[in-house]
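Enquirer: From first to last, the protein sequence lines are chains A and B.
According to this note's numbering, the first sequence is numbered sequentially starting from 1.
According to this note's numbering, the second sequence is numbered sequentially starting from 1.
Since the hints were derived computationally from the structure, they do not count as laboratory data.
Quick caveat, the model's predicted, so the values are computed rather than measured.
There may be inaccurate statements among the hints.
Identical chains share a label here; the pair holds if one copy fits it or two copies do between them.
DSSO-like, lysine-lysine: derived pairs with alpha carbons at most 27 Å apart [claimed, not checked]:
| # | residue 1 | residue 2 |
| --- | --- | --- |
| 1 | K78 | K254 |
| 2 | K401 | K93 |
| 3 | K403 | K93 |
| 4 | K183 | K368 |
| 5 | K29 | K285 |
| 6 | K29 | K17 |
| 7 | K93 | K127 |
Protein chains: 2
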Amino acid sequence: MGNIPYKIILSEDEIPKYWYNMKAVMKEKPDPFLHPGTLKPCTADDLKPVFCSDLVDQELNQTDEHIEIPEEVRGFYKMYRPSPLVRAYCLEKALGTPAEIYYKFEGTNTSGSHKLNSAAAQVYYAKKQGLTSLTTETGAGQWGTALSMACAYYNIPLTVYMVKISSEQKPYRKAVIETYGGKVIPSPSTTTEIGKKILAENPGTGGSLGCAISEAIEVALKTDNCRYVLGSVLDHVLLHQSVIGIETKVACEKYDINPDIIIGCVGGGSNFGGLIAPFMGDKIKGKNNIRFIGVEPASCPSLTRGKYAYDFGDTGKTTPLMRMYTLGSGFMPSPNHAGGLRYHGASAVVSKLYHDGYFEACSVEQSKVFEAATLFARCEGTLPAPESSHAIRTAIDEALKCKESGEKKTILFGLTGTGYFDMSAYMSYNSGTMTDYIPTDEDLEKGFSTIPNISL
Amino acid sequence: MGNIPYKIILSEDEIPKYWYNMKAVMKEKPDPFLHPGTLKPCTADDLKPVFCSDLVDQELNQTDEHIEIPEEVRGFYKMYRPSPLVRAYCLEKALGTPAEIYYKFEGTNTSGSHKLNSAAAQVYYAKKQGLTSLTTETGAGQWGTALSMACAYYNIPLTVYMVKISSEQKPYRKAVIETYGGKVIPSPSTTTEIGKKILAENPGTGGSLGCAISEAIEVALKTDNCRYVLGSVLDHVLLHQSVIGIETKVACEKYDINPDIIIGCVGGGSNFGGLIAPFMGDKIKGKNNIRFIGVEPASCPSLTRGKYAYDFGDTGKTTPLMRMYTLGSGFMPSPNHAGGLRYHGASAVVSKLYHDGYFEACSVEQSKVFEAATLFARCEGTLPAPESSHAIRTAIDEALKCKESGEKKTILFGLTGTGYFDMSAYMSYNSGTMTDYIPTDEDLEKGFSTIPNISL
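Isolated chain A, as found in the complex:
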């Protein structure tokens, strides 16, 4: 099996000392956030009542390619990083492909996903600022889990607005958050004005990320010394997640692995943005010609079927306006099991890169995703999260194309997490009762009608 081990694990000394800021090298920068009241570009002062100050500075930083990781955060990272870069020898064999397949596996920590990379950083900055509580939202529960772990470590109280349908489908995920000391409130709830309004308009709704975000922001704004923290979409989250890509690049260089294709699932975009960051930086500089593929669910296809427009990040229309690929903040995704990908928009940086042709996107149907997930589990041992399995699906499809063409490509994908808390979805797949859902053009038009009309 050559001299590539099954798992390439760097040493703790090789944990990156700097995050990678793609915006610094992008030829055209993403359009600025707009203040929802004035429609003028947001300033740091506009954002600091909602977000931690240091995070706002990172959010707006378009000049520094490398941003130092505080020593305390590197200390936290040492508890679970570097994460392994795994050669999928068994999957390659099962597929009979000449391709080499690698995956960067972010599920070896208890939170079970990459989300901890940004949680560790965000709570550190909150503590540094002297904040006394935080609010957030969670969909599938991975971000809530990661953040509650970080808040337990730094001893800061946390309130999590959890998408109602997820809190019902995943009571044990809720219990994990509570074990780490976080307070969980199913959203929409009656604890906020926006929650009450949404409940009045859609009494039976299972909620959405967009609506949970609105509630968490409302509480942060009306509570002293409290801020809201977000687990995806924003530029500073992508920045923190670049630790994934940097480690991957170091491991590739160490073992002379040259990826032809890099694949990641895209919800808000933080995993994908983090995985590709340093590789994309090189691509922009003309140093490589890697093919990047972002994979999204056919049920919530913001990149492949959305509009590139200014839109709100939340259902309550309280966030700044971001120019991104969006299905409209009023788009209500079907109760697809890949909760972490049920978001109407995508990161502004990822959207801009997509708009400018730096990567491809594709969408895949749920049943095909679970078919790939099950094959992967049986070959590679790891039971993948539904979100991550979107990337597995596309990696397998690319490897099968290599089998047909005889090409020996190197395919690398991000395995963002484990599926321990998604067993009801696996049960549905195992029993043959899983259905696919693809929004009709009419469904999409309904969502698009909620996009504000901002002239560019």
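Please arrange chain B on chain A, whose structure you already have, making use of the hints.
Expert: The following block gives chain B in isolation, referenced to the frame of chain A:
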């Protein structure tokens, strides 16, 4: 923080090439298994209709201190081993103890526990023998998960008799086994004669490991080319689990760590036996004076309150008789959440070592265990399995003694797995409704009355 990293991870080259067989160096050997019909010592021929042939040979091997790990099994181990030896810096700090605390963490594979170490070996030998199906039992579900992973890898059909109460408390654990292709039957069931008999006698029973074992053996015996595999108790399982202890010892030597105390939880005894194996070998040879502590639940106290006697391994009284610490095969443990420790007996090797004074045992109550588990989760990030948390409880207690005495001891414990599938137990603890259960002397007498009267 000195030059000990958070996680000591050996390279794949350092995965042991040999398992360690404690029996070869024990001054007095464990008493032989007895055939349940003849009461004569079991021969290989007695055991081979039930177990894989190579495993029977390992079971009876009392002479070879080192037994080679087949290259194929080392290949499987590379998918998830070496496992990390973690310095619990954050827990030490939270306790304010001068002690150094380390844990060998076996939960980084999808099965979530150490059980995979023996599953990988046992299914390899089954495949080598040309078997076409396997049966087993599972309590908490960790063994069933591990075995279904290994069976998926080697492509051998598997039927799992799962303790009924566990299959009800942990539907998602059942779903994991099914995702890996295993067939799950809640035990006692109507698919076997012994299951029907137990159901007739105890219609409402939640089952037990002992009864699930009886059913799995019955099916193995009446099915062509099928064998039964067991995840604990037996000597060959301890042998495979010695990979835990060997890696730990190599890591300790590499970093000059000298444990004063080594702690493990004891159910059937495979984790504890595997963790201590090479250290105990040295102790028997007079090369160290390590204090070993086996920790069991107060609700199922086979070492601390059981009898050292010949007894059956299963409720149906079909297994060979083993001389071990036992509560009686008829002892019905309360529905304690630490399912993996709900076994009436303990490994013959572990029992003999205990009888001869080579280690200490203690028992701890469930609520104290979850208190320790929650503290550990919040400090160290990893959410521990209830079974593993018994060892955490005792490690913390020893570290607190060091705090009082000012001694800077080195405490090492086995963290056998994660608690992702035990969230209902955590929910019970979080909500304050968890109760403790300690069997009365009368309860124990009832169990003891089922121990056969074998003169020694």
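Enquirer: Now look at each hint and say whether the structure bears it out.
Expert: Outcome of the hint check:
1. K78 x K254: both (20 Å within a copy, 19 Å between copies)
2. K401 x K93: Answer is within; shortest intra-copy Cα gap is 15 Å, inter-copy 53 Å.
3. K403 x K93: within (11 Å within a copy, 53 Å between copies)
4. K183 x K368: between (35 Å within a copy, 23 Å between copies)
5. K29 x K285: within (15 Å within a copy, 69 Å between copies)
6. K29 x K17: within (25 Å within a copy, 55 Å between copies)
7. K93 x K127: between (48 Å within a copy, 18 Å between copies)
Going through the hint list in order, the structure satisfies each hint without exception.
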